[in-house]
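Listed below, chain by chain, are the residues.
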Amino acid sequence: MRRLLASLVLVMTAPLALAQDDGAPTMTIGYLDMAEDPRYDEWGIHPVDIRSSTAIVDRRGLAGAELGMEDLSRLKRVAKTSFAMDHARVTNTAGILSEIARMREAGAAVFVLDAPSKVLVEVSAALAAENILLLNATAIGDSLRNEDCQTNLFHVAASRAMLTDALAQHLKERNWQEIIVLQGPLAEDVESVAAFTRSADLFGLEIVDARLFVLGNDPRAREMNDLDFLTGSEDYDAVFVADVHGEFALSVPHRTRKPAPVVGASGLVPRIWHWSYTRHGAPQVHGRFERLHSRRMGEADWGAWVSMKAIGEAVARTKSRNVADIRDYFRSEKMRVDGSKGPGMSFRIWNNQLRQPIMLATQDWVSARAPIEGFKHRTNDLDTLGQSEREMACGF
Amino acid sequence: MRTSIRLALAGLIICLTGNGMTFAAGTGYIFVSNESDDTVSVIDGGSFEVIKTIATGDRPRDMRFSPDRTRLYVATSGDDHIEVINIATLEVAGTIEAGEDPEIFQLDPSGKILVVANEDDNEVTVTDVVSGKQLRVIEDVGVEPEGITFRHDGKVVFVTSEATNSVLIIDPWVGKIIDEVLVGNRPRRGIVTPDNKEYWVTNELGGTVSILDAQTYSPLGQVYFEKRGMRQEDINPVDFAMTKDGKTAYVTLGRARHVAVVDVASREVEEYILAGDRVWGAALNRDESLLVVTNGASDDVTIIDTDDNRAINAISVGRTPHTVRIDD
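One line per chain: the protein sequences are A and B, in this order.
Under my numbering, the first residue of the first sequence carries the number 1, and numbering increases by one thereafter.
Under my numbering, the first residue of the second sequence carries the number 1001, and numbering increases by one thereafter.
None of these hints come from the bench; they were simulated from the model.
Remember, predicted model here, so these are calculated numbers, not experimental data.
Heads up, the beta-carbon is just placed ideally off N, CA and C, and yes, glycines get one too.
Mixed in with the good hints, there may be bad ones.
Which chain A residues face chain B? A few, computed with CB under 8 Å, are given here [claimed, not checked]:
1) Asp-71
2) Arg-77
3) Val-78
4) Lys-80
5) Glu-122
6) Ala-125
7) Ala-126
8) Ala-316
9) Asn-380
10) Asp-381
Construct the complete structure from the given sequences, taking the supplied hints into account.
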């Protein structure tokens, strides 16, 4: 009953419930997401979204942010701060900018964003000179960590390079070295193949064939829509599918011409979080989330939850709500945030990317967690995932 | 190699039985809770053979003896209670209330009440040991409460909050939160020095031990762990054992596969003992000649000879061994 009440209160009056005044000053965190975000589109002609095992549900990270606020409410005694969230759902980049301006008027200076990479590039460029903090909860685009990086933008979401590095480590460790690549028609599929190509090169895999696919049944395009043709190459150990849309990718496992594991957009998928993970306190997090939202906790939820936790940690440790102090803490040696997937996590100072383990998950099980045993880095094994300081093109 | 261990072991057993003190007081049994198998393994302390595997409720984790050592309490988290094992019969003889998802618990020194962390509900439950009934629930104890440690005077209990990175000081007799102190990341278990002056707590992700004044709760210092070839992120301190003279603490280091031997006065590590993967729970036998640790990721326990700080045996138990207690 208490649980039910707690979740009701959260649903109805999220900012108010968590900002009750009993002495501690309130810090309001802005949270922005988008009404039309293609990553959360309902999908297909089916009565239910077939990518979901239950029904159409909102997969935006807001649910994770609400769990984060619930956790932050318990930090009040040691952080000497009450945390509140101001959420706005907007339609475009201009909407994010105007909402951030409105929230700043009201005193907010730290913002968590659940928006696609392209939008985030525009938003962070427009706010580059501002004395605020932006936390990217969900965008994986590599350019955000390279040429489009900003000193006031921190990435809790993993980069695409980190995700493909995790896959490449697993393929290498399993000795599945010869890979065919199936690439979809969207711009993000091109980026995904570029990231995987870099990872394959880095970890010594060989891409033996790379093919473009389209979703369809047209017999005249069978070299591009028929798996017998697409996977008919001479020899390969595994198939990497780049398919941000996702429907084609679902049809690939168990349909390849040769018996081979499928990785990437289906089969074994690199993720920042999966509900089946059972170690490092993850079951407790899944439990708290599911009781609050009656669905599985996804990657966007994890990104938003950890964003909130990182802010709370910085405030508790620095005893300050000041933007500069939080940023300095994020970029310091002392920074650690616990995401319930193993080691304490910190930001890479060369591009403000959170270093973190990556899960390699099937639909219902985490098969491996990268960094894979044996892949060692000079200072921190988590830095075997993603671009190194030497590789990256971020200039701060 | 195996022969030499056996010989060493045989020598040890002869030596132990020779002076006649080690297992005189109790059964000599080593109890190990197997979190993933829903069992408790009973190991004979003389032969180091598993003599019985007791079926328990779901997800057995922390265990404690009754003050008279006739009963062993086992928190069966999945079944939302604590089970009582009769040590004479090695069977589950009853249950007591402990709130939802009980994990770590402790009895107060007088044996009247039992205080347990309810990890999922972010609560602490206080139970009357004799009646087995719940007395009170303390809410708002941070996120994922875990370690429960009584000060030896029984007046306050230290509760770690894993996801809030803090230690709460609670008066369990009235259910009042007295104080809360920020420590390192993911604090797990605690121990109070025998002189009642210091409270030590492991920080699993911080890779350190924080020390608080057990009376004023102010931070006194930290223990750091460092060893060539041991990765900082693999150093995950979890559990303790401490000698009765308060001079030596043994700290299990998780993924680093070692147990640190710490000089309590100087807070310096004297030695690292190799154990198994994800070494976790720890207990000393009565004369402190043996330290037994559970290895969560290799499904076994390591027996360590504390004279030369060397592992002398490893015994397979069930899946994911959590806690070890020795009745000797």
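Consistency of the hints with the structure:
Among the interface hints, the one on Asp-71/A holds; its C-beta lies about 5 Å from the nearest C-beta in chain B, closer than the 8 Å criterion. Restraint check, Arg-77/A versus chain B: the minimum CB separation of about 5 Å is within 8 Å; hint holds. A hinted interface residue such as Val-78/A counts as satisfied when its beta carbon comes closer than 8 Å to some beta carbon of chain B; here the least separation is about 5 Å, so the hint holds. For Lys-80/A, the interface hint is violated, the least distance from its beta-carbon to any beta-carbon of chain B being 10 Å, above 8 Å.
With 8 Å as the threshold, the beta carbon of Glu-122/A stays out of range of chain B, its nearest partner Cβ sitting at about 35 Å, so the hint is violated. For Ala-125/A, the shortest C-beta to C-beta distance to chain B is roughly 34 Å, which exceeds 8 Å, and the interface hint is violated. Hint status for Ala-126/A relative to chain B: violated, with the closest Cβ pair at about 35 Å, above 8 Å. Interface hint at Ala-316/A: satisfied, since its Cβ lies 6 Å from the closest Cβ of chain B, which is below the 8 Å cut-off.
With 8 Å as the threshold, the beta carbon of Asn-380/A comes within range of chain B, its nearest partner Cβ sitting at about 7 Å, so the hint holds. The interface hint given for Asp-381/A is met, as the beta carbon of that residue sits about 7 Å from the closest beta carbon of chain B, less than 8 Å.
Hint check: violations occur at hints 4, 5, 6, 7; the rest are consistent with the structure.
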